[in-house]
Amino acid sequence: MTFPELERAHRREWAAVLAATMRLTRDFDAAEDAVQEAFEAAVVAWPKDGVPPNPVGWLTTTAKRKALDRMRRADALTRKLPLLVVPDDDPQVIQDHRLRLIFMCCHPALAMNARVALTLRLVCGLPTGEVARLFLVPHATMAARLTTAKKKIRAAGIPFHVPDDLATRLPAVLAVVYLVYTAGSTDRAVELAELLGSLLPEPEVLGLLALIRLTEARAPARSRDGEPVPLAAQDRSRWDRAAIDDALPLVAKALRGGGPYALQAAIAAVHAEAPAYAATDWPQILALYDELVAVYPSATAALGRAVALAEIHGPAAGLAEADRLSAELGHYYLLPAARAEFLRALGRVAEAAEADRQAARLAPTAAETEFFATRAGAVDSPTPP
Amino acid sequence: MKYMLLLHEPDTDWTAVPQEELDKALNAHGEFVQYLTERGRPFYGDALRPSYTATTLRPKGDEVLVTDGPYVELKEHIGGFYVIEADTLDEAIEVAKRVPIGSGVEIRPIWGA
Numbered sequence: 000m001t002f003p004e005l006e007r008a009h010r011r012e013w014a015a016v017l018a019a020t021m022r023l024t025r026d027f028d029a030a031e032d033a034v035q036e037a038f039e040a041a042v043v044a045w046p047k048d049g050v051p052p053n054p055v056g057w058l059t060t061t062a063k064r065k066a067l068d069r070m071r072r073a074d075a076l077t078r079k080l081p082l083l084v085v086p087d088d089d090p091q092v093i094q095d096h097r098l099r100l101i102f103m104c105c106h107p108a109l110a111m112n113a114r115v116a117l118t119l120r121l122v123c124g125l126p127t128g129e130v131a132r133l134f135l136v137p138h139a140t141m142a143a144r145l146t147t148a149k150k151k152i153r154a155a156g157i158p159f160h161v162p163d164d165l166a167t168r169l170p171a172v173l174a175v176v177y178l179v180y181t182a183g184s185t186d187r188a189v190e191l192a193e194l195l196g197s198l199l200p201e202p203e204v205l206g207l208l209a210l211i212r213l214t215e216a217r218a219p220a221r222s223r224d225g226e227p228v229p230l231a232a233q234d235r236s237r238w239d240r241a242a243i244d245d246a247l248p249l250v251a252k253a254l255r256g257g258g259p260y261a262l263q264a265a266i267a268a269v270h271a272e273a274p275a276y277a278a279t280d281w282p283q284i285l286a287l288y289d290e291l292v293a294v295y296p297s298a299t300a301a302l303g304r305a306v307a308l309a310e311i312h313g314p315a316a317g318l319a320e321a322d323r324l325s326a327e328l329g330h331y332y333l334l335p336a337a338r339a340e341f342l343r344a345l346g347r348v349a350e351a352a353e354a355d356r357q358a359a360r361l362a363p364t365a366a367e368t369e370f371f372a373t374r375a376g377a378v379d380s381p382t383p384p
Numbered sequence: 000m001k002y003m004l005l006l007h008e009p010d011t012d013w014t015a016v017p018q019e020e021l022d023k024a025l026n027a028h029g030e031f032v033q034y035l036t037e038r039g040r041p042f043y044g045d046a047l048r049p050s051y052t053a054t055t056l057r058p059k060g061d062e063v064l065v066t067d068g069p070y071v072e073l074k075e076h077i078g079g080f081y082v083i084e085a086d087t088l089d090e091a092i093e094v095a096k097r098v099p100i101g102s103g104v105e106i107r108p109i110w111g112a
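As they're listed, the protein sequences go chains A and S. Numbers 0 to 384, taken from numbering that gives the first Met the number 0, label the letters of the first sequence in order. Numbers 0 to 112, taken from numbering that gives the first Met the number 0, label the letters of the second sequence in order.
Chain S with its partners taken away, still in its complex shape:
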């Protein structure tokens, strides 16, 4: 099965943080990617730009309204994601425990995978 790991984090503009902090975050994800690679576990993932860059479409009658900002305004946002392959939820949980954790990691099975 395929699972998406949604990384909920305090909204961060990574272009504005000190180099040291950025390196720390990149290294943490580097270690996780290495963990996945060493075990031959197929994955895909990326970081998302901060929430002020987000654009949300909402239905308004027959039209679509284009609005600025994320769908939900919270202190935390989805800062990135991974899509991993795992046979069971227990396996997915084992993998997800190794994701550098911000505020929380949500595990969602992907349809038909």
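Bound conformation, chain A alone:
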């Protein structure tokens, strides 16, 4: 698809068109096929006739016609279907459908990897092959996983609606968006978070959006020649200042909820606002980590807190905190990595090298293994002044 308006419509409106069509077919596969056909019809019609004034309405109406044609063909006699498709272009209705689709795909009764895959396929309209590539599984495996998930939705009666108890169901949706982000589908995650932010401007939704934007804004400085660069050594002139400034008001709104994504976004914001590592407002960071550990205990939060402690009270305090955490976080590679830094700052180089080697063994990516192994080696041999 090279026609730019159509490509934009595909990225932005796939979910809306699919959701509206599903209301008619009550069946995923039929709806997906019909939406696919509608986009194929647009490839022919739009360059010839011009882009319709309401692209979503055009696509939805076309998709519904296609779906109806199929249903009539499949079951011409027994079904009494309406002969006329009512144009479904009320923006409010379309938004509502899209939100229903998201909540259905992110239902807690589905396995987490199925939720992420379904969201990418059905909400973002990513082809099955691309979803498979993101998950590093063969196409057939992903197709089977999607089919099983869709069958469960149908057979178990997972509803196509926005739940009443938003507070309990929203975290599952946000976790899916965050996983889409960490799976490397940055653009899609930003689009999903923006979509959710516009449909459901709850503090935690804005918090997630701000967190993703701030993390993205700092991404260019995070690696050099494919190697990770720690925060202290990052070239801050490579951060996207405009994007950071855009995200800051979101953080302020999100913090009213005091949820885990808002707090993580606030921590990212404090880092983003510091002109240099040494100028970081560590007491503020520590206070935010204290809250984060209280509302949402996690390995990364506990470790972030240890680093903040070390920056305020010295490396011995950080090391004591890291050692206290080692019982629960023993297999988390960033724990020995942090210990290595504290030990090196205390002049205990041999122990630091051993901790770095441990981090290298536990690191999830080759680049990080390489980084810690190199650091361990550099400590072993005498370094030039």
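If you're looking for bench data, these hints aren't it; they were derived computationally from the structure. Wrong hints could be hidden among the right ones.
Which residues of chain S face chain A? A few of them, derived with a C-beta cut under 7 Å, are [stated by the list, open to error]:
| hint | residue |
| --- | --- |
| 1 | Met0 |
| 2 | Thr87 |
| 3 | Leu88 |
For lysine-lysine, the following DSSO-like pairs were computed, each having C-alpha atoms within a straight-line distance of at most 30 Å [what the hints assert, rightly or not]:
| hint | chain 1 | residue 1 | chain 2 | residue 2 |
| --- | --- | --- | --- | --- |
| 4 | S | Lys74 | A | Lys151 |
| 5 | S | Lys1 | S | Lys23 |
| 6 | S | Lys96 | A | Lys151 |
| 7 | S | Lys74 | S | Lys1 |
| 8 | A | Lys150 | S | Lys96 |
| 9 | S | Lys1 | A | Lys151 |
| 10 | A | Lys150 | S | Lys1 |
For every residue, glycine included, the Cβ atom is placed at its ideal position computed from N, Cα and C.
Keeping the supplied structure of chain A fixed, place chain S upon it in accordance with the hints.
Below, chain S without anything else, positioned relative to chain A:
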């Protein structure tokens, strides 16, 4: 739709537990039944006798082997079940949350219902 709620519990011989414990369990289920009745939600359900009373048939070539005991030997067994009606899984989950919970409650949609 119809859903079966399978009540997984530590295997218990209810004829051998103290009266107090039995009353407590019966009251808990009584409250759940009252909850269903008050909302006019059709249901059926019952408790199962302990796993040592179970008999399992297994195919063996062309024959059927009759064996003593439950299909799977675990610490927990299916101690009882309810069949409820609900429009969606979310509704079924809301109902199932009120079942007196032992080790776990499994929600299974029933075919064709």
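Now for the hints, and whether the structure bears them out:
| no. | hint | result |
| --- | --- | --- |
| 1 | Met0 | holds, 5 Å |
| 2 | Thr87 | holds, 4 Å |
| 3 | Leu88 | holds, 5 Å |
| 4 | Lys74(S) - Lys151(A) | holds, 28 Å |
| 5 | Lys1(S) - Lys23(S) | holds, 28 Å |
| 6 | Lys96(S) - Lys151(A) | holds, 20 Å |
| 7 | Lys74(S) - Lys1(S) | holds, 28 Å |
| 8 | Lys150(A) - Lys96(S) | holds, 24 Å |
| 9 | Lys1(S) - Lys151(A) | holds, 15 Å |
| 10 | Lys150(A) - Lys1(S) | holds, 17 Å |
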